[in-house]
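Add 43 to the 1-based position in the sequence shown for the working numbering, that's all there is to it.
It is worth saying that the hints were derived from the structure and are not from the lab.
If a hint is listed, it holds; no wrong ones were tucked in.
Taking lysine-lysine and the DSS-like style, the derived pairs with C-alpha atoms no more than 27 Å apart in a straight line are:
| hint | residue 1 | residue 2 |
| --- | --- | --- |
| 1 | Lys358 | Lys374 |
| 2 | Lys669 | Lys637 |
| 3 | Lys809 | Lys766 |
| 4 | Lys796 | Lys766 |
| 5 | Lys809 | Lys581 |
| 6 | Lys596 | Lys684 |
| 7 | Lys304 | Lys525 |
| 8 | Lys703 | Lys640 |
| 9 | Lys798 | Lys581 |
| 10 | Lys892 | Lys809 |
| 11 | Lys766 | Lys581 |
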Amino acid sequence: MNNEILHKTIERSFNDLLKTGHLSLEIPAYITDNLSHKLRPYQEQALRQFIYTQESNTANISFNHLLFHMATGTGKTLVLAATILYLFKEKGYQYFLFFVNSDAIIKKTYDNLTNTSSSKYLFRKDGIFIEGKLITIQIVDVFPSIPAENTIYLKLTTIQKLHMDLTNPRENGLTYDSLENINLVLLADEAHHINVITKSNKKKFTEKEEQERRWEYTVNKLLNLNPANRLLEFTATIDLSNDALFNKYCNKIVYQYDLKKFMSDGYSKNIVLLRTDENDEQKMMHAMLLSQYKKYIAKENGINLKPVILFKSNKIATSRWANETFLNLVKDLTVGRLQQVVQQGLAIYQNKESIWSRMFYFYNNKDLATVIRDLQWDFNEQTTLNANDSSFLSESNALLLNSLEESDNPIRAIFAVAKLNEGWDVLNLFDIVRISEGASNTRTTTDSEAQLIGRGARYYPFEYKGEKSFTRRFDESPNDLKVIETLHYHTINENAYIQNLYKSLESADIQVKEDDYIRIEAKIKSDIRKAEWFRNGKIYINKVVPTTPDDYKCLEDYNISTSYEIDYEKSIEQLYGSKREIKSSTIRHVQELKPNKRIWQKAIQRNRFYRFDNLKNYIPGITSMKEFIEKPNFLGGVTIKVSLPYSLSIDNLSPNEHLKMAEQFLSYAEKNIRNNYMKEKGTPIFEGISMSEQIQDYVLVFNKITSRANNIEEVKNVKDMRKHPWYIYDKAIVNRLEEDFIDFINNYVEELKKKYNEVYLIRNEKKVRLVEIDGTRGFMPDFLLYLRDIGCTYQVFLEPKGPHLLEQDRWKEDFLLSLTSRSDIEILAEDENVRLLGIKFYSSDSKVKQEFEDDFKAKLL
Numbered sequence: 044m045n046n047e048i049l050h051k052t053i054e055r056s057f058n059d060l061l062k063t064g065h066l067s068l069e070i071p072a073y074i075t076d077n078l079s080h081k082l083r084p085y086q087e088q089a090l091r092q093f094i095y096t097q098e099s100n101t102a103n104i105s106f107n108h109l110l111f112h113m114a115t116g117t118g119k120t121l122v123l124a125a126t127i128l129y130l131f132k133e134k135g136y137q138y139f140l141f142f143v144n145s146d147a148i149i150k151k152t153y154d155n156l157t158n159t160s161s162s163k164y165l166f167r168k169d170g171i172f173i174e175g176k177l178i179t180i181q182i183v184d185v186f187p188s189i190p191a192e193n194t195i196y197l198k199l200t201t202i203q204k205l206h207m208d209l210t211n212p213r214e215n216g217l218t219y220d221s222l223e224n225i226n227l228v229l230l231a232d233e234a235h236h237i238n239v240i241t242k243s244n245k246k247k248f249t250e251k252e253e254q255e256r257r258w259e260y261t262v263n264k265l266l267n268l269n270p271a272n273r274l275l276e277f278t279a280t281i282d283l284s285n286d287a288l289f290n291k292y293c294n295k296i297v298y299q300y301d302l303k304k305f306m307s308d309g310y311s312k313n314i315v316l317l318r319t320d321e322n323d324e325q326k327m328m329h330a331m332l333l334s335q336y337k338k339y340i341a342k343e344n345g346i347n348l349k350p351v352i353l354f355k356s357n358k359i360a361t362s363r364w365a366n367e368t369f370l371n372l373v374k375d376l377t378v379g380r381l382q383q384v385v386q387q388g389l390a391i392y393q394n395k396e397s398i399w400s401r402m403f404y405f406y407n408n409k410d411l412a413t414v415i416r417d418l419q420w421d422f423n424e425q426t427t428l429n430a431n432d433s434s435f436l437s438e439s440n441a442l443l444l445n446s447l448e449e450s451d452n453p454i455r456a457i458f459a460v461a462k463l464n465e466g467w468d469v470l471n472l473f474d475i476v477r478i479s480e481g482a483s484n485t486r487t488t489t490d491s492e493a494q495l496i497g498r499g500a501r502y503y504p505f506e507y508k509g510e511k512s513f514t515r516r517f518d519e520s521p522n523d524l525k526v527i528e529t530l531h532y533h534t535i536n537e538n539a540y541i542q543n544l545y546k547s548l549e550s551a552d553i554q555v556k557e558d559d560y561i562r563i564e565a566k567i568k569s570d571i572r573k574a575e576w577f578r579n580g581k582i583y584i585n586k587v588v589p590t591t592p593d594d595y596k597c598l599e600d601y602n603i604s605t606s607y608e609i610d611y612e613k614s615i616e617q618l619y620g621s622k623r624e625i626k627s628s629t630i631r632h633v634q635e636l637k638p639n640k641r642i643w644q645k646a647i648q649r650n651r652f653y654r655f656d657n658l659k660n661y662i663p664g665i666t667s668m669k670e671f672i673e674k675p676n677f678l679g680g681v682t683i684k685v686s687l688p689y690s691l692s693i694d695n696l697s698p699n700e701h702l703k704m705a706e707q708f709l710s711y712a713e714k715n716i717r718n719n720y721m722k723e724k725g726t727p728i729f730e731g732i733s734m735s736e737q738i739q740d741y742v743l744v745f746n747k748i749t750s751r752a753n754n755i756e757e758v759k760n761v762k763d764m765r766k767h768p769w770y771i772y773d774k775a776i777v778n779r780l781e782e783d784f785i786d787f788i789n790n791y792v793e794e795l796k797k798k799y800n801e802v803y804l805i806r807n808e809k810k811v812r813l814v815e816i817d818g819t820r821g822f823m824p825d826f827l828l829y830l831r832d833i834g835c836t837y838q839v840f841l842e843p844k845g846p847h848l849l850e851q852d853r854w855k856e857d858f859l860l861s862l863t864s865r866s867d868i869e870i871l872a873e874d875e876n877v878r879l880l881g882i883k884f885y886s887s888d889s890k891v892k893q894e895f896e897d898d899f900k901a902k903l904l
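Can you make the complete structure from the sequences, with help from the hints?
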């Protein structure tokens with residue numbers, strides 16, 4: 044059997060005919076002139092290949108049934124409209140029967156083909172004219188036996204209703220007899236729904252499959268009523284890996300254009316997965332801020348954009364809870380709360396390539412009272428649509444949902460479970476948020492979500508600098524407007540789910556960008572690790588003291604519930620090749636577990652966060668781990684409520700299973716403690732910490748495509764440092780400014796060695812943190828210069844700083860310089876004489892660089 048699909052055969056014939064000059068690539072003017080939108084190149088090619096088949100002498104036999112296999116968002120319906128014009132003008136067809144699987148798509152298509160006031164109307168708004176004659180599209184329930192001239196008759200129905208009408212004929216209704224003597228064009232959208240017989244090898248069908256099986260018979264019977272009939276199918280989701288489906292369609296796929304090609308050609312948004320361990324409320328808050336950030340960025344560039352968020356759940360109850368929670372979250376938002384969110388975001392997202400970093404930095408410079416006013420105006424009950432209500436698919440809601448781009452459409456947020464996966468045309472969907480409670484990790488779920496992502500990937504054409512584009516234009520540019528050429532999919536950071544989602548995306552040919560990063564490791568040189576100064580040396584950082592220790596006396600103060608719920612499943616059976624899961628029990632009961640002291644101790648040992656010296660930084664009120672474990676206001680008061688199969692009891696579970704539950708609680712508590720720990724202020728007292736423990740090998744992850752960096756200072760280079768004994772790592776992973784700084788140090792190394800016995804430059808990769816004295820701002824100097832002479836050890840803090848950050852970070856330089864000027868600086872050293880020095884900023888600015896050099900030489904040489 045020939046495994047080549049019809050599309051490839053036509054493509055090859057096209058090339059041969061083009062070479063010989065026997066083929067015109069012009070689309071007939073009566074088509075292009077009568078469509079509301081300009082055909083894109085791939086749509087033109089789809090139409091050419093269709094016309095090629097219909098001009099064949101054997102079209103009634105070889106090409107009466109064709110499939111357009113085109114990705115979600117590629118504009119299949121515009122191609123469908125063009126085929127109607129062609130078949131009417133060239134072949135004399137006047138009867139068109141359009142059928143789909145959903146009432147919602149019928150309403151949308153009715154609007155697209157008949158409502159001249161709709162922005163999505165597919166034909167010319169002032170009328171269809173062919174050879175000077177006005178052509179009318181008339182919607183009918185039954186086709187007339189004698190058609191009027193210059194009239195296209197269109198019946199819109201669902202496959203279910205079509206089947207019922209034909210199998211249960213009624214007076215003045217549609218019947219096989221009435222259709223037998225007319226030339227009919229069948230138009231099937233989302234055509235994969237009519238292939239149950241073809242794709243199934245089973246002898247027994249479910250009730251739903253049996254119904255769809257009858258639909259397939261109905262469609263085949265209609266096609267075969269008349270040799271001149273045509274069946275044109277349009278779908279994005281046909282599984283050609285299924286042998287039965289491939290055999291049916293390989294000689295019918297007149298045109299194929301998958302998502303991978305669609306995206307690489309720039310016609311879609313980029314897709315970025317945002318994986319997080321946040322709870323649903325945090326995720327909703329951040330998604331709302333990101334959506335509003337996109338609106339602000341667009342407005343700053345003269346673009347009127349109303350970005351829409353879809354909150355996607357797997358259960359209706361969860362979706363309704365999320366809807367209510369979201370509205371309350373917006374309504375109760377205060378400047379203090381928003382400021383806390385922004386400052387926390389700035390502290391967490393420090394990679395400037397991250398969209399979160401850019402977003403929080405943007406809000407840090409905005410008037411938050413104005414931001415809240417805008418949020419509460421844009422996100423409220425009137426601007427939120429819940430797609431879970433039984434009345435949702437009313438005509439008004441369907442039109443509202445399909446006119447989201449219109450300026451008078453107020454909707455900014457949609458809450459849905461599964462009603463929007465098909466037939467939803469939306470361009471200004473920029474965020475899809477997966478509400479994780481009760482979610483499933485099966486491929487069935489992720490396949491559905493991959494299809495939804497494909498819908499959200501439709502490009503939003505906007506005008507910029509006087510030009511409107513229907514393709515992405517900022518892929519290779521640092522322009523902030525890249526954010527409105529991107530769909531963000533907010534999801535949980537759960538391995539099983541992510542792996543399945545990737546498989547679903549790959550099978551849908553969706554290209555995913557997860558912020559294009561590569562990973563490079565810098566290792567401490569072996570001779571440095573063995574050196575006495577490194578093994579026994581110390582790094583001095585200033586002590587901090589809590590500002591309000593009385594505010595944090597129990598776990599509840601960190602928003603940690605001491606009544607923690609866990610779902611426990613003893614076993615799950617899954618037949619190979621089946622997606623259905625069989626659980627040990629469907630009837631469940633809840634029992635309480637209070638982990639004993641030994642379990643807590645073991646769980647704590649497995650989590651570095653809970654080492655006392657670290658935990659003390661977050662919970663200053665505790666004096667010992669014994670207190671943290673036993674006191675009722677901490678772990679001693681924790682109860683874990685376990686949902687178990689009815690046949691199981693807490694007593695049946697092993698100590699190791701109890702331990703895993705305790706670990707799960709500690710992970711939950713850690714996240715809340717980190718997110719809610721109190722601010723601390725720095726003191727002038729510096730104490731030593733072990734250098735060998737503090738300075739470690741490190742891994743840096745950064746963007747592959749350096750030209751995309753927001754600022755030239757962020758472009759990363761890898762510099763081989765193995766031949767430079769004064770640099771402690773085997774390689775320097777640095778931006779251009781830092782590389783220039785290292786070259787500066789290299790130029791002075793010999794002079795430094797004349798004065799000091801030991802000269803070593805240490806890259807501080809987010810390890811050594813200083814906090815401003817009597818203030819709460821902290822920072823991590825980029826480099827430490829370790830110097831030692833006969834009588835003294837010197838720790839020198841050095842900061843290369845881009846010109847754009849000099850003023851903003853002036854307080855850091857003031858802090859560093861104060862180390863030599865303040866009289867209250869106290870260094871808690873043991874025997875050795877230790878001095879702490881801060882040097883002025885190093886910068887590419889020539890004046891600042893000279894000041895650094897002068898200060899460097901004055902203090903060190």
